[in-house]
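Listed here are the chains, written in short residue letters.
Protein chains: 2
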Amino acid sequence: MLYQSLIDIVGTEHVIADKETMRPYECDGLSVYTALPDYVVLPANTQEVMAVVSLCFQMNIAVVARGAGTGLSAGALPLKGGILLSLARFNHILAIDPDNSVAHVQPGVRNLAISEAAAPYNLYYAPDPSSQIACSIGGNIAENAGGVHCLKYGLTVHNLVSLVIVTAEGKRLDIGGDSLDIAGFDLLALMTGSEGMLGIVTEIKVKLLPTPQIAKVVLVGFDSVEKAANAVNDVISKGIIPAGLEMMDGYAIKAAEDFAQAGYPVDAEALLLCELDGDEEEVNQQVVATQAIFNAAGATSIRISGNEEERALIWKGRKSAFPAVGRISPDYYCMDGTIPRRELANVLTRIHQLSRYYSLRVANVFHAGDGNLHPLILFDANIPGELEKTEAFGADILKACVEAGGCITGEHGVGIEKINEMYHQFNDAELEQFHRIKRALDAKEILNPGKGIPQPKHCQEHSLLSAPNKGVI
Amino acid sequence: MLYQSLIDIVGTEHVIADKETMRPYECDGLSVYTALPDYVVLPANTQEVMAVVSLCFQMNIAVVARGAGTGLSAGALPLKGGILLSLARFNHILAIDPDNSVAHVQPGVRNLAISEAAAPYNLYYAPDPSSQIACSIGGNIAENAGGVHCLKYGLTVHNLVSLVIVTAEGKRLDIGGDSLDIAGFDLLALMTGSEGMLGIVTEIKVKLLPTPQIAKVVLVGFDSVEKAANAVNDVISKGIIPAGLEMMDGYAIKAAEDFAQAGYPVDAEALLLCELDGDEEEVNQQVVATQAIFNAAGATSIRISGNEEERALIWKGRKSAFPAVGRISPDYYCMDGTIPRRELANVLTRIHQLSRYYSLRVANVFHAGDGNLHPLILFDANIPGELEKTEAFGADILKACVEAGGCITGEHGVGIEKINEMYHQFNDAELEQFHRIKRALDAKEILNPGKGIPQPKHCQEHSLLSAPNKGVI
Numbered sequence: 522m523l524y525q526s527l528i529d530i531v532g533t534e535h536v537i538a539d540k541e542t543m544r545p546y547e548c549d550g551l552s553v554y555t556a557l558p559d560y561v562v563l564p565a566n567t568q569e570v571m572a573v574v575s576l577c578f579q580m581n582i583a584v585v586a587r588g589a590g591t592g593l594s595a596g597a598l599p600l601k602g603g604i605l606l607s608l609a610r611f612n613h614i615l616a617i618d619p620d621n622s623v624a625h626v627q628p629g630v631r632n633l634a635i636s637e638a639a640a641p642y643n644l645y646y647a648p649d650p651s652s653q654i655a656c657s658i659g660g661n662i663a664e665n666a667g668g669v670h671c672l673k674y675g676l677t678v679h680n681l682v683s684l685v686i687v688t689a690e691g692k693r694l695d696i697g698g699d700s701l702d703i704a705g706f707d708l709l710a711l712m713t714g715s716e717g718m719l720g721i722v723t724e725i726k727v728k729l730l731p732t733p734q735i736a737k738v739v740l741v742g743f744d745s746v747e748k749a750a751n752a753v754n755d756v757i758s759k760g761i762i763p764a765g766l767e768m769m770d771g772y773a774i775k776a777a778e779d780f781a782q783a784g785y786p787v788d789a790e791a792l793l794l795c796e797l798d799g800d801e802e803e804v805n806q807q808v809v810a811t812q813a814i815f816n817a818a819g820a821t822s823i824r825i826s827g828n829e830e831e832r833a834l835i836w837k838g839r840k841s842a843f844p845a846v847g848r849i850s851p852d853y854y855c856m857d858g859t860i861p862r863r864e865l866a867n868v869l870t871r872i873h874q875l876s877r878y879y880s881l882r883v884a885n886v887f888h889a890g891d892g893n894l895h896p897l898i899l900f901d902a903n904i905p906g907e908l909e910k911t912e913a914f915g916a917d918i919l920k921a922c923v924e925a926g927g928c929i930t931g932e933h934g935v936g937i938e939k940i941n942e943m944y945h946q947f948n949d950a951e952l953e954q955f956h957r958i959k960r961a962l963d964a965k966e967i968l969n970p971g972k973g974i975p976q977p978k979h980c981q982e983h984s985l986l987s988a989p990n991k992g993v994i
Numbered sequence: 522m523l524y525q526s527l528i529d530i531v532g533t534e535h536v537i538a539d540k541e542t543m544r545p546y547e548c549d550g551l552s553v554y555t556a557l558p559d560y561v562v563l564p565a566n567t568q569e570v571m572a573v574v575s576l577c578f579q580m581n582i583a584v585v586a587r588g589a590g591t592g593l594s595a596g597a598l599p600l601k602g603g604i605l606l607s608l609a610r611f612n613h614i615l616a617i618d619p620d621n622s623v624a625h626v627q628p629g630v631r632n633l634a635i636s637e638a639a640a641p642y643n644l645y646y647a648p649d650p651s652s653q654i655a656c657s658i659g660g661n662i663a664e665n666a667g668g669v670h671c672l673k674y675g676l677t678v679h680n681l682v683s684l685v686i687v688t689a690e691g692k693r694l695d696i697g698g699d700s701l702d703i704a705g706f707d708l709l710a711l712m713t714g715s716e717g718m719l720g721i722v723t724e725i726k727v728k729l730l731p732t733p734q735i736a737k738v739v740l741v742g743f744d745s746v747e748k749a750a751n752a753v754n755d756v757i758s759k760g761i762i763p764a765g766l767e768m769m770d771g772y773a774i775k776a777a778e779d780f781a782q783a784g785y786p787v788d789a790e791a792l793l794l795c796e797l798d799g800d801e802e803e804v805n806q807q808v809v810a811t812q813a814i815f816n817a818a819g820a821t822s823i824r825i826s827g828n829e830e831e832r833a834l835i836w837k838g839r840k841s842a843f844p845a846v847g848r849i850s851p852d853y854y855c856m857d858g859t860i861p862r863r864e865l866a867n868v869l870t871r872i873h874q875l876s877r878y879y880s881l882r883v884a885n886v887f888h889a890g891d892g893n894l895h896p897l898i899l900f901d902a903n904i905p906g907e908l909e910k911t912e913a914f915g916a917d918i919l920k921a922c923v924e925a926g927g928c929i930t931g932e933h934g935v936g937i938e939k940i941n942e943m944y945h946q947f948n949d950a951e952l953e954q955f956h957r958i959k960r961a962l963d964a965k966e967i968l969n970p971g972k973g974i975p976q977p978k979h980c981q982e983h984s985l986l987s988a989p990n991k992g993v994i
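Which chain is which? The protein sequence lines are G and R, in order.
Count along the first sequence from 1, then add 521; that gives the number in our numbering.
Count along the second sequence from 1, then add 521; that gives the number in our numbering.
Please keep in mind that the hints were generated in silico from the structure rather than gathered at the bench.
Some hints here could point you the wrong way.
Identical copies go unnamed one by one, so any copy, or any two together, can satisfy a pair.
Restricting the straight-line Cα-Cα distance to at most 30 Å, the calculated cross-link-like pairs of lysine-lysine (DSSO-like) are [claimed, not checked]: (1) Lys910 <-> Lys965; (2) Lys540 <-> Lys910; (3) Lys728 <-> Lys920; (4) Lys910 <-> Lys978; (5) Lys692 <-> Lys920; (6) Lys728 <-> Lys673; (7) Lys775 <-> Lys837; (8) Lys978 <-> Lys965; (9) Lys728 <-> Lys748; (10) Lys692 <-> Lys978.
Fair warning: this is a prediction, and the values are worked out from it, not measured in the lab.
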């Protein structure tokens, strides 16, 4: 009956019921967790989403929205079966409005496709997660994605104008608006980063920014991680907000250089990539100012991109760091945590201590300017027990982030992966507020159930939740 | 019994029960609405707030938080009696942390006092509502206040790091954090602008910014409001984001010049004040660029501040525009609405049409860069019926804002004043979501009851709510 109703709404060819055909949907980018839904449904428009969700609401069936499937916290996993609602057919750019610097898009549009469509008008969409070539803007909203440029231009939430949402009951809501502030509670911010648990986004207006006249990247080597971390703070405390300020350490530098031949100083213990953008004069001024800061901070080498080609090559090294690290280790596990910038040196030192304790190598490649760490733990899943050891190491890293005043996630979300770490971050009163909001907007808890917020400890024994179906990576 | 319990918590001298002594608390800056609470309570710390709110929760008594009382939408009015919780004793700056560019303050601290305390470190707090000399940061959070500088530096919500909140049950919550993003739903944004309806703020960390090296203001006259409005769009579409971009029209220009002798061109129909801040070179560059834009847009006069004294004088005119207008009319009513910037010329034209229709003069003094209008309707409360006519005019202006894709409030909040206008802005499904959030976090609806969100129309006859006690201004 459910199957027939779904077909009535979206058409036979847009409901997948066969287990083998739905295999590509069994995991997201964190492939250690897998689960199959009862049906994969691919609606074409807001009305169809409303009808599907309304049906699920009446029948008490779980609905998990899925964008491009590039998520890294198993957020799009249909943990409790039900419907996996793919937004893949929502892949249209509805309008680029250069007069108001706004793009009107569907949620399945790729992040980079927005900037490509805006380029003829000399505009672009600023938030740029590493996966921007593949990830969808709807997924970016679900995770409040960041990226290299969010230091200067903000996270996804800071670059949204308005959303169309389908509620848990299948009703349509228009939230946000063209003006800077809006009356009523801030539903736009509440929805952003809520990991598909409060509603399903079906239309989006994002802000576009004028493409900067020029950009230059300053590539700086240091003989210690501490010096590089301190230099990051020096730059920002001087009032310079680079477009991006990225850091890589030991293994990551060598792996990236082997892979991309970007001319990185392979003897450096830490590397900063400091991108400056704006008017030519302003950029040149900031290049001079940052160079002086880096020299004073003890840089062992400084190189400035002379042209666009060189700048692209320097970034190619950074952007290929994850796959490059993949070549020097059978497996790696990418963590995501944030810390106050001032704690960078302390937390990196702690990560290296933990690396020795667990006898597992770690490569750090991350957004230093905004304190968003991405430690890559290198391991071999074929060695019995090493996956478990890696997970314990990862949990200790996140604990260190929280102890330093930071957070267990920067931009990858909580999903399934970090649901237990939420206990480090929040106390029962805080978790209870989250649950109240969840129940207020989704009384039957049909939207992406079991994700994001664990039960307050007083409601259950705090036992580690077991993954639904956990294999090797 | 309630009285005794309150005294037990905060001490005899911090509970006001006498009607005459509590008279100063009977209204906020929108003095047309008045109401007295049962008691005014002045707690000294978070623990006392928790105890008072917990008591009220148990006894089902309303609690209305009040900062400096400068609000302009009757948001701090104890509409249903109960406790008026004054945060006046929360007036301490707990720490200025220049290393992390953060100020840790209590909610009763005046907005300007934060910048004054940060000045020795060459830092300041950016959002600057007109009332910044008097208004409190807690009130700024309740209303998500803006100001001249929010075009470049964002609203209150964009400048907050973390909050301590007392919930409706009297529990303490720590929300937000030092890192750019935070796990869980965005309670910080949800709380900001919620007008005391979801919790009571008792501690605040705000971001501080480096004081710009220099600032210059470009004062530009136009012979029509349309030309000035178009010039605003021209500047921003060229990728220049001024620190402030303010507009004044006819009556306001003349009144301000009479009052402040700032050298305004009194024959101009519209005046723009465009402030540029940053490095000296950058500012000089932008002065040249904006001058060219204003000339092309048909400016009739352009003047650039030559020094700090001249800049201060030019701003003095703008900042005294409200009292200056007060001198040319027995009474005035200050409206607050936002529109998409592209609609500036259309909506201003509509306001002037309405002015003729109602035979009431209007002066416009506002944040043009972010489309936040502040029409001042000039009237005489001693003429029978003129207050009512003024309110009808005001309601029509807000309707015009919504029709243009804007919003019924920019920074003054909804409070009592605009509760009926919420029906223009939101449909029943949207209002219902607001109510659900309200009930989720304040099940007994004791926090600032009757404000901000009207009942969905299907729940009641949509009759105009009558003010509790409405006299002349």
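Problem set entry | Intra- versus inter-subunit Cα pairing at 30 Å for Lys978 with Lys965 | Both: 21 Å inside a copy, 25 Å across copies.
For this session: Measure nothing new, just compare the shortest in-copy and cross-copy C-alpha distances for Lys540 and Lys910 to 30 Å and report within, between, both or neither.
Result: Neither, since 32 Å and 68 Å both go past 30 Å.
Exercise. Is it within, between, both, or neither for Lys910 and Lys978, if the alpha carbons may be no more than 30 Å apart?
Worked result: Close inside one copy (25 Å), not across copies (58 Å); limit 30 Å.
For this session: Could you place Lys775 and Lys837 in one of the four classes (within, between, both, neither) given a Cα distance threshold of 30 Å?
Result: Cα proximity of Lys775 and Lys837: one copy only (14 Å, versus 59 Å across).
For this session: Go through the copies and call it for Lys728 and Lys673: within, between, both or neither, with a Cα cutoff of 30 Å.
Result: The answer is both: 15 Å in one copy and 15 Å across copies each meet 30 Å.
Exercise. 30 Å Cα cut-off: does Lys728 pair with Lys748 within a copy, between copies, both or neither?
Worked result: between (36 Å within a copy, 25 Å between copies)
For this session: Tell me, please, which holds for Lys692 and Lys920 at an alpha-carbon limit of 30 Å: within, between, both or neither?
Result: Close across copies (25 Å), not inside one copy (39 Å); limit 30 Å.
Problem set entry | Intra- versus inter-subunit Cα pairing at 30 Å for Lys692 with Lys978 | between (33 Å within a copy, 17 Å between copies)
For this session: Indicate which option fits the pair Lys728, Lys920 if close means a Cα-Cα distance not exceeding 30 Å: within, between, both or neither.
Result: For Lys728 and Lys920, the Cα distance is within 30 Å only across copies (25 Å; inside one copy 35 Å).
Exercise. With identical chains treated as interchangeable, where does the CA-CA distance between Lys910 and Lys965 reach 30 Å or less: within a copy, between copies, both, or neither?
Worked result: neither (37 Å within a copy, 48 Å between copies)
Violation of the numbered hints given earlier is confined to hints 1 and 2; the remaining hints are satisfied by the structure.
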